[in-house]
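Quick note, the sequences are listed as chains X, Z and H, same order.
Counting in our numbering, the first sequence tops out at residue 358, every number present.
Counting in our numbering, the second sequence tops out at residue 423, every number present.
Counting in our numbering, the third sequence tops out at residue 320, every number present.
Any given hint might turn out to be false.
[What the hints assert, rightly or not] Only some residues are given here: those of chain Z computed to face chain H with a beta carbon under 10 Å:
1) Met1
2) Pro11
3) Ser241
4) Asn244
[Stated by the list, open to error] One side only, chain H facing chain Z, incomplete, derived with CB under 10 Å:
5) Gly146
6) Thr171
7) Arg172
8) Arg174
9) Pro175
10) Asn178
11) Arg180
12) Glu184
13) Ala189
14) Ala191
15) Met192
16) Glu279
17) Ala309
18) Pro314
[Claimed, not checked] Anything over 10 Å on all C-beta distances counts as not near chain X; from chain Z, calculated:
19) Ile58
20) Leu133
21) Glu303
22) Gly357
Simulated from the structure, these hints should not be mistaken for lab results.
Using N, Cα and C, we set each Cβ at its ideal position, and we do this for glycine too.
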Amino acid sequence: MRIERRLRQPWWLTVVVPVLSIAVAFVLSAFVLLLTGHPPLRSFHRLFDAAFTGNGALSETIVSATPLAFTGLAAAVAFRMNLFNIGGEGQLYAGAITGATVGLLLAGSPSPLIFAAMIAAGAAGGALLAAIPGILRAFFSTNEIITSLMLNYVVGLVLEYLIFDSHSYLRDTSGFEASVFPQGKTLPDEATWSSWTIHGVVLPLGFVLAIAVAVLVWVLYSRTRFGFEVQVIGDSPRAGRYAGMRTRRKILAVMCLSGAIAGLGGASQTGDFRHQLDPRGLRAANYGYTGIVVAALARYNPFAVVLVALLLGGLQNAGFTLQGADFPAGLVGVMQGLILFCALGGELFVRYRVRFAW
Amino acid sequence: MVHQHFRLVSPFTVAENVVLGDHRDVGRSFVLRPRAIEARVEELSHRYGLAVAPRARIWQLSVGEQQRVEILKALYKDARILILDEPTAVLTPQEAGALFETIRAMAADGRTIIFISHKLHEVKAVADRVTVLRRGQSVATVPAAGATPRSLASLMVGHEIEAGRRQEDANEPGEAVLELEEVWAAGDLGVAALRDVSLTVCAGEIVGVAGVAGNGQRELAETIVGMRPATAGKVRVGGRSVRNGDPRAAIGAGVAYVPEDRLGTGVAPGLSVASNVVLKAYRKPQVSLGPILRMRRIRELAERVIERYDVRTSGPNVPAWQLSGGNLQKVVLAREFSGEPVALVAAAPTRGLDVAGIETVHSYLRDAAARGVAVLLISEDLDEILMLADRIAVMYEGAIAGERDARVATAEEIGLLMAGGGD
Amino acid sequence: MVNNSLVVVVIASGILFGTPLLFAALGELLAERSGVLNLGVEGMMLMGAVTGFWAVERVHAARPLVLAAAVGVAALAGAALALIHAFLVITLRANQIVSGLALTIFAGAAGLSSYLGNDLHLSGKPARYQFQEIFPKSLQDLPIVGPVIFGQPLLVYGSWACVVLIALYLTRTRPGLNVRAVGESPAAADAMGVSVPRYRYAHTLVGGAFAGIGGATFSLSITPQWVDGLTEGAGWIAIALVIFSFWRPTLCLVGAYFFGAFKALPFALQGHGVTVAPELFQTLPYVATIVALVLVSSRAARLRFGAPAALGLPYAREER
Chain X
1 MRIERRLRQP WWLTVVVPVL SIAVAFVLSA FVLLLTGHPP LRSFHRLFDA
51 AFTGNGALSE TIVSATPLAF TGLAAAVAFR MNLFNIGGEG QLYAGAITGA
101 TVGLLLAGSP SPLIFAAMIA AGAAGGALLA AIPGILRAFF STNEIITSLM
151 LNYVVGLVLE YLIFDSHSYL RDTSGFEASV FPQGKTLPDE ATWSSWTIHG
201 VVLPLGFVLA IAVAVLVWVL YSRTRFGFEV QVIGDSPRAG RYAGMRTRRK
251 ILAVMCLSGA IAGLGGASQT GDFRHQLDPR GLRAANYGYT GIVVAALARY
301 NPFAVVLVAL LLGGLQNAGF TLQGADFPAG LVGVMQGLIL FCALGGELFV
351 RYRVRFAW
Chain Z
1 MVHQHFRLVS PFTVAENVVL GDHRDVGRSF VLRPRAIEAR VEELSHRYGL
51 AVAPRARIWQ LSVGEQQRVE ILKALYKDAR ILILDEPTAV LTPQEAGALF
101 ETIRAMAADG RTIIFISHKL HEVKAVADRV TVLRRGQSVA TVPAAGATPR
151 SLASLMVGHE IEAGRRQEDA NEPGEAVLEL EEVWAAGDLG VAALRDVSLT
201 VCAGEIVGVA GVAGNGQREL AETIVGMRPA TAGKVRVGGR SVRNGDPRAA
251 IGAGVAYVPE DRLGTGVAPG LSVASNVVLK AYRKPQVSLG PILRMRRIRE
301 LAERVIERYD VRTSGPNVPA WQLSGGNLQK VVLAREFSGE PVALVAAAPT
351 RGLDVAGIET VHSYLRDAAA RGVAVLLISE DLDEILMLAD RIAVMYEGAI
401 AGERDARVAT AEEIGLLMAG GGD
Chain H
1 MVNNSLVVVV IASGILFGTP LLFAALGELL AERSGVLNLG VEGMMLMGAV
51 TGFWAVERVH AARPLVLAAA VGVAALAGAA LALIHAFLVI TLRANQIVSG
101 LALTIFAGAA GLSSYLGNDL HLSGKPARYQ FQEIFPKSLQ DLPIVGPVIF
151 GQPLLVYGSW ACVVLIALYL TRTRPGLNVR AVGESPAAAD AMGVSVPRYR
201 YAHTLVGGAF AGIGGATFSL SITPQWVDGL TEGAGWIAIA LVIFSFWRPT
251 LCLVGAYFFG AFKALPFALQ GHGVTVAPEL FQTLPYVATI VALVLVSSRA
301 ARLRFGAPAA LGLPYAREER
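In isolation and in its complexed conformation, chain X is listed as follows (with noise of 0.2 Å):
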């Protein structure tokens, strides 16, 4: 067997290889099913059912494909220049932090006002956060993989302490049950992110926010010099420096931009869905590594994160909704890998030419 890079692509392979990724990947998880002893077919439809076709459940959908949109269009952003932003999850906390306490800060006042605050709240926790690992990578060469990693240990070990072991301006101490089982303050009413029901499906304002993220980034990224850089370094950053380009600015503020992104998930997940600081619910989630998962399964185009944000979210959407006896929990995980490895493998087929010699 000969491997030899293809000299040119054909539009059509990137979408018929991604397609038949997920073709494949269903028909092995649909092994995994029988040799489990559950019914493939009959999953699978209970599946599809459970994500988009059921009553209500392209809303359900919508809710998990948000913070998976935002966390995806994160990580899309920075592993586009080579940077391995896997902090998107502590991003994501952090702006869930900062939007909770935005929210609670600007009870009383319009509601449009709070979204604002709390949009940009959010943008900017996330954003510093990830600024570390940034500066970090830009200042002083240090891997951007394990630092952004461990920060996600640091804030969710710090989302929990605000919440179950401090007494802090986020946590519920009002009504007796408040010091034994501890939750975190409801945001008030006006700070309830708006949403818009469209034919039944219901849009929650994060999500409108996703899309106009997406866009934003499609234009950032192939048609202003922004974007021109960030191909350049990502392709080769001696190339960059050499042509002028201020790399380690760039750096930083691309792993800012990512950490925006991802605080933007997060303060749509306290405004648009929990209305409280919830650690347990968000830890749980992991919404941020989900999304590295669907931009390398968009191949970091932003809107296809969109869609598949949709599909994996719808995954995660059924497998809730499914829980029970007879449906195998850890379903969900498993067909994401599967989809995922069949993805990564279907990617050798982009870039070569797979020979068989005879």
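For chain X, the structure is supplied; the task is to place chains Z and H on it using the hints.
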């Protein structure tokens, strides 16, 4: 095989590099015995005149010493046939002489040596027989005794060529354009790579920087164009001091740079030819409107470059890594010249190119000088420098060992300076 | 009694808690030395934990045999998972980071390990057989060395043996030299006749096996039950640990126990009546890793202590 680009593991010691691999014949053992290995390495290095310390780490060695390790690797495995690919590219003339002694000793032992070189006088000095290859085919095999550099060169190129150095009178050099004043710079390993370097290149002049690789030439180029910060001293262009360590400032001052690492530095290999053409110009108003790029303009510019410079490629959207070395260099040169530079720093511009490519680059360099650009040519190929330069500066251990007028200097004189016998 | 003092308790527990980290880190160290970055450690550990637990429940034989079989099964599970990663990144040249993350998602909490744990009804009861202390009580009661050295389960002693073996392997054997070359300069190793893919496969698989054993340490010794997501991020810490230890096995041991001690500290303090918010303490090892990493990344340090130069990069002979 002793490659042109060494296959050595940098953090390992000499002994570890020599013994690396699974050798079926030479005592294949699971456990390593360091002392026995070192003893054998010492024995081999004394026998063949390849002095190197077995415990030294590769990153601590000079390039010439590293080459000795490569040869020791082959000898340790008791190779009967050795292939040496351009071995003297990294050696002074005197070191090259020592290498030829080593080769003769190995041949006297009954080993067979295949010596690949484009330096015709060397080939004559060391070989018994010479085979000339052209375009991948063997053209002729002649005994070395009867061949002359000119006869070999004509076999290589296919027609009689006029070898030799610049005969015509150089243009009157103009004003000083590029000036280095007592420049010091640190190398990658913390040691000073440039020591108190002062150099001037005038408009229309070609100054050649000669020297064995690893004596600061790379750092010199990088410091001038801002890719390496100077720790002391100043770089001036047109009389004005250029901001230290800032490539953008150097570009803005009109310094063009053709780096020796074409694919790794001069070009973004995964991006299209069009993107590479505007690699430095994308900020200019013709190419972008504020923060937004003018995509159509970029395409047009690229198409024009491809046509004017005869770049062989199927289109401006082809990724750069697909281009051959010569075509890639054309793109780089085209880009650098289109910026209308006042000074050009060219580092090893003809490395890896075929004879036609070399001639093209040389003609571009001469044209640039004729148009008044101050050209600094850094090259390990002494013949190339003797052919093109007006003045030659020799670098040794980070300092300028001496400057000579290229028209009268002899190779021996330059070689002496290259080896450290400075002024 | 000095053996009840805070220091001794923390050190002894630190060693125990650090053992799964040590196993997983040793495995990742081997993989990274060959140039392969495997971020799927958490997933491999969980698979090792669940399969090891399953083996203990299902295999009927004498206690030592069952435990040995369980460790073997855990190692196999880890290696099998690592095989997926190895195939993707070595043969198919996929991005190593994404593949490793995919592995964690596939096999981690809410993935295959959870699937198996539920389907096989493994949760809710302690392991039938567990690794316990093996030295007699009299030795365990010795001051200080008693609990610290003699009071540990067999797996801890196994981990010490592994540290020594791996250290010797890397520095004193020919294959050890070869694998280091593969990680530093695959082109040089290839030119010297060392098969880069073969070494990478071998070390990635062994790395997975070690991670599996690390996971089994949780379900068969420390916890010792099966709970979804049992390892609580130990796999990620192990990855950091490899860097923290500058890719040296002996430092891995020190680092693992350092991390383990920090985990044990809040509980030990509680036993002494001091309540400190555990979360803030627990951030310290992570912060320490970041600091260590910054120090390692300076140019001079990188030459002496740095990562294998080819780490994370696929090797393609024709693209040399």
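Which numbered hints fail: Violated hints: 3, 4, 5, 16 and 18; rest satisfied.
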